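Engineer: So the chains spell out like this:
2 protein chains.
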Amino acid sequence: MSLRPTLDFLLYDWLDAESLSQRERFSDHSRETFDAVLDTCERIAREKYAPANRIVDTQEPHFDGEKVVLPQATHDAHKAFVESGMMSAAQDYDIGGMQLPYTLQAAANSFFAMASVSIGSNMLTSGNANLLMVHGTEMQKEVFAKNEFSGRWAGTMCLSEPQAGSSLSDVATRAVPDGDGYQGDPLGPRYRLTGNKMWISAGDHELTENIVHIVLAKIPDANGKLVPGTRGISLFIVPKWLVNVENPHPGPLPQAGEGEAGSVKVTLGSRNDVALAGLNHKLGWRGTTNTLLNFGEGKYPVDGKAGAVGYLVGEPGKGLHCMFHMMNEARIGVGTAATMLGMAGYHASLDYAKTRPQGRLVKKAEQPGTAVAKDSASPQVRIIEHADVRRMLLAQKAYCEGALALELYCARLVDEQKTGNAQAADDARLLLEVLTPIAKSWPSEWCLEANSLAIQVHGGYGYTRDFPVEQYWRDNRLNMIHEGTHGIQAADLLGRKVLMEKGRGLQLLGGRIAETIGHAAKVPALAAHARALDAAWQRIGSATQAAWSTGDPADALANAVPYMQAFGHTVLAWIWLDVARRALEIDADKARAVTAGKIGATDYFFHYELPKIGAWLNVVESRDPTCTALPEDAF
Amino acid sequence: MSLRPTLDFLLYDWLDAESLSQRERFSDHSRETFDAVLDTCERIAREKYAPANRIVDTQEPHFDGEKVVLPQATHDAHKAFVESGMMSAAQDYDIGGMQLPYTLQAAANSFFAMASVSIGSNMLTSGNANLLMVHGTEMQKEVFAKNEFSGRWAGTMCLSEPQAGSSLSDVATRAVPDGDGYQGDPLGPRYRLTGNKMWISAGDHELTENIVHIVLAKIPDANGKLVPGTRGISLFIVPKWLVNVENPHPGPLPQAGEGEAGSVKVTLGSRNDVALAGLNHKLGWRGTTNTLLNFGEGKYPVDGKAGAVGYLVGEPGKGLHCMFHMMNEARIGVGTAATMLGMAGYHASLDYAKTRPQGRLVKKAEQPGTAVAKDSASPQVRIIEHADVRRMLLAQKAYCEGALALELYCARLVDEQKTGNAQAADDARLLLEVLTPIAKSWPSEWCLEANSLAIQVHGGYGYTRDFPVEQYWRDNRLNMIHEGTHGIQAADLLGRKVLMEKGRGLQLLGGRIAETIGHAAKVPALAAHARALDAAWQRIGSATQAAWSTGDPADALANAVPYMQAFGHTVLAWIWLDVARRALEIDADKARAVTAGKIGATDYFFHYELPKIGAWLNVVESRDPTCTALPEDAF
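Listed in order, the protein sequences are those of chains A and B. If you read the first sequence in the numbering used here, its first letter stands for residue 7, the second for the next number, and so on. If you read the second sequence in the numbering used here, its first letter stands for residue 7, the second for the next number, and so on.
It is worth saying that the hints were derived from the structure and are not from the lab. Since we're looking at a predicted model, the values are computed, not measured. Incorrect hints may have been included.
Intra- or inter-copy, both count: the list cannot distinguish identical chains.
[What the hints assert, rightly or not] Restricting the straight-line Cα-Cα distance to at most 20 Å, the calculated cross-link-like pairs of lysine to aspartate or glutamate (DMTMM-like) are: (1) Lys424 / Asp14; (2) Lys618 / Asp630; (3) Lys380 / Asp70; (4) Lys618 / Glu451; (5) Lys85 / Glu212; (6) Lys369 / Glu391; (7) Lys618 / Glu455.
The following block holds chain A by itself, in its conformation from the complex (with noise of 0.2 Å):
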């Protein structure tokens, strides 16, 4: 079973993503380019990931003592997918990128996701580049950000710390001038940082000959202290190896493998003061090394003293400015691996249901509403028969369709933030503000679920090794966690992004869903649907004004997980209805599948799952205080 269909539905049919072509950065794409680029990421995933999975979820990366190993395959697939040139797809062609719109981006990038999702890292390697190519020097863009595109190098994000996790403001890895000197080093501002780093993705590895870390760090003031707080941070580039950079001219970007960056030469000098100093062992998600790095503890000493050499990118202090830079697109992945997770595991089962014979359906027994009988004579019917099967096959299409659905739009707001006419990038940053905290949650807890459901749609076989399925909710598990917490997300949303501008993000996606709502509402078979959207949306607005009305962010945000899961479910009836509708436009008498399929999930969503969003509601309505009022030694 391909997912083919489905994004050909949601890109072409719903997103009208073809049109992006008639924007200028975009014009010599086509339907066809796009198809090209679909097909291509299709097979290396079919081909090089998907056979890996397991894999690399049971020879777990461990440390020779010497270097990290992983297994061949992650070397073959991060191979096969810097050859696509996937990696600076959305790049300018000036610099070797196929000025791909991010929609397509993400839409391709699903299928490595679906097909093994921690066998490749490149999104931190882009995210990273990306995050230079807006924030860095001309050098630091030629010699680190190109080098990652080129695939030569990876690229990491070095954020948590033991101590600071969830709370960037305690930072506590400092930078200090390294030497009189410092400001004149081409690279940028040279530093010597020490500090713990946790959580460290793909921190350590043989994939790449060098491995760009971005740190956050801080650079202590004139009495040697650390500004307190989120203002302090500074962003450093942290090679694992230092390089030397020779007739520093930059021009265009190389080729994948070659040695050069235009016609600055780049080699590499000795180890940086950057020491593995555990790899964490992890539920799943097994394929990405996680790590925990010391930074400057004297393990390589540079030039006979301790200290990690790093060059500052952007301006001391802007740090967690530059970082929040690439939030939403990082946010965006994580939500999409938490679908495409999810979808693997619809699929599997799906698959598996529709071939497994077991019982055999009720039927009307003699005494009407006392017994139910089953003709065990005849043969066991297939479990996709089952009442209750299909009920768990329908909750996952709806989480996971649905949640692709809502990544491609972010996507597409992407996309217009950056090629739009000045209002529709105004609006579609401030949708997205709005709309990220959801895009990362809701399919990190419901594509989740699915996956429970999936093992469950297998029973006891879903619960050995044999089958894929419990590998993808032990994958899918973190996806809750990194990039921010739940909690994290739900403060963000209530506590921020719901109030920025005086509600005018607020304000912009209901307008949004008002107009699929006018739509909707002329559909005799959506018009329900469209009087209970309608009615959800209303209450999401009381609820976040009585969530406010004390003005107490103790009081509001006492149940801020409950609003999020409330507002997540609320948005995605909004793009399932959407979906509905446009399905119906192009195809009213359900003649095909697909159409039938979309109805379906739209049914099921606005049945079973819109009308949770009571009780979640009750509890922020009233700032229910139960929790927070317990005494601890209650608990």
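Dock chain B against chain A, hints included.
Structural biologist: Same frame as chain A, but now just chain B:
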């Protein structure tokens, strides 16, 4: 942090377990002897089970070509359990038991489930032996049951087959009479069995010198055909090693480890024709071997021919009837296991939350309602101070302590059924019929959710194998599958239990609920909850009627799982209200932390959980056909 205060409250303050000692069967017992049992089990669980829990997860059972190898820790835990006498704790004195109430046995077993759920498979052994005590011949009890109670041998239940998991009517294992004199064997009518049994827990190991399999099989009719359906199922004892019986005069149970059962001398003979065909490699619950066994494939011929020797238990064709006898206790056992895994995660995450510093509390910013401020210069707070962490902890408490209360309530009903007066015993029987599907399913769903919250409280650390919570979550995922899946439980509840005896079970439960409501309505702090419970129960009643209003089980059962979820939440609301009522009866001023905790969890349950039933019952009441009606190609 100890489980004991919670157990003591539930057992003594709430269920008045002490009063059981006024019954003849338990008249030697007292609070003192009950406490001694709890002390012993708590100690063994702490010393022998808890330290081995990660060991049994990482040192998964493996087959060395000859035998199944388990960690030494498993052998040690088994030995300590056997020596405690808990295997036969509920049995009569005259066969070496303690005549302990089942309520106390269930409470005592909760320590083991919490410390290491999978290390012991004793529930299977005692369940197997209990079944033989009811349905076996004197000689079968003497030879098999007594050697299981003494811990000399272990037991299994062989029900499922690769093609017959949930659908037991499709069992295809054949049993044919073993020669002309087959009826004269002192161990029972002797048959030869051939077939494959899947998912057999503790199906092979070296913990004991022999393993007593209880096997479902069908005896072919005169034409060699198997009777379709469950009517054709018979029950057989199939020992791994054949046994020789000398001097067959039944007498008292031997002490653990002795080689004789009373005056019946039992020695091991040759290997029976039961072969290990494979070990299942599971997501969790790895301390217990799980096997595919081939019966009668000829690997170990007996008297020169293939076929596993088995001895008929009870009447031919009544096998499933005999098994059902054990079903309630087995399902309460699964519910308790799920509950205690949840509890283990709750305690671990509560400890973590009390000590882990991270972040700061939100406070009112200068512009009310527009922003949130934090004082980044102040020290970080412990995460238990954050509202969302408190919500996740209180949810776990409400799920797990509520589930434990339900399991103990059901265990108390088992005692009532066995030792109460005729009316009370019959009421208890019928209440158990209705409550057992909830006791099995509810904790397996919601204490699994608790385990997910425990991971979330730990953040990234919870996703690593350095903390125990990820294992609890993996272990717990089994409980929605084994001993009747969620779907099977739901069909049992709505398709059989609420209808049986013209709905008398439902009425009985309604009476108990009304009693609690009557008491709670008079307590100001609980009056609103009493009204909410009353409304919920009314709605369960009307939803039950609406589901069955067409008399067609296909309509009624289309949404059996949402029905069971709503039913379960309503039952738990009742349990919590009754616990809260009792807590305030003892300590009206909430002077004790335990009282405040019970009231807090009750408030949580009524505010955050009970309102969820609306969404579930909507689709039940409308007999929503969305899932059943969708064409297969539209999935």
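Engineer: All hints are to be evaluated individually against the structure, with a verdict given for each.
Structural biologist: Here's how the hints hold up against the structure:
Taking the closest pair of Cα atoms, lysine 424 and aspartate 14 never come within 20 Å of each other, the shortest separation being 23 Å inside a single copy and 63 Å across copies. Taking identical chains as interchangeable, the C-alpha atoms of lysine 618 and aspartate 630 lie at most 20 Å apart whether they share a chain (18 Å) or sit on different chains (16 Å). Taking the shortest alpha-carbon separations for lysine 380 and aspartate 70, neither the intra-copy value of 59 Å nor the inter-copy value of 44 Å comes in at or below 20 Å. In this assembly of identical chains, the alpha carbons of lysine 618 and glutamate 451 lie at most 20 Å apart whether taken from the same copy (14 Å) or from different copies (17 Å).
Only within a single protomer do lysine 85 and glutamate 212 lie at most 20 Å apart by alpha-carbon distance; the minimum there is 12 Å, versus 48 Å between protomers. With identical chains, the CA atoms of lysine 369 and glutamate 391 are at most 20 Å apart within one copy only, with a shortest distance of 13 Å there and 54 Å across copies. Taking the closest pair of Cα atoms, lysine 618 and glutamate 455 come within 20 Å of each other both inside a single copy (15 Å) and across two copies (17 Å).
Comparing the model with each numbered hint stated earlier shows that hints 1 and 3 do not hold.
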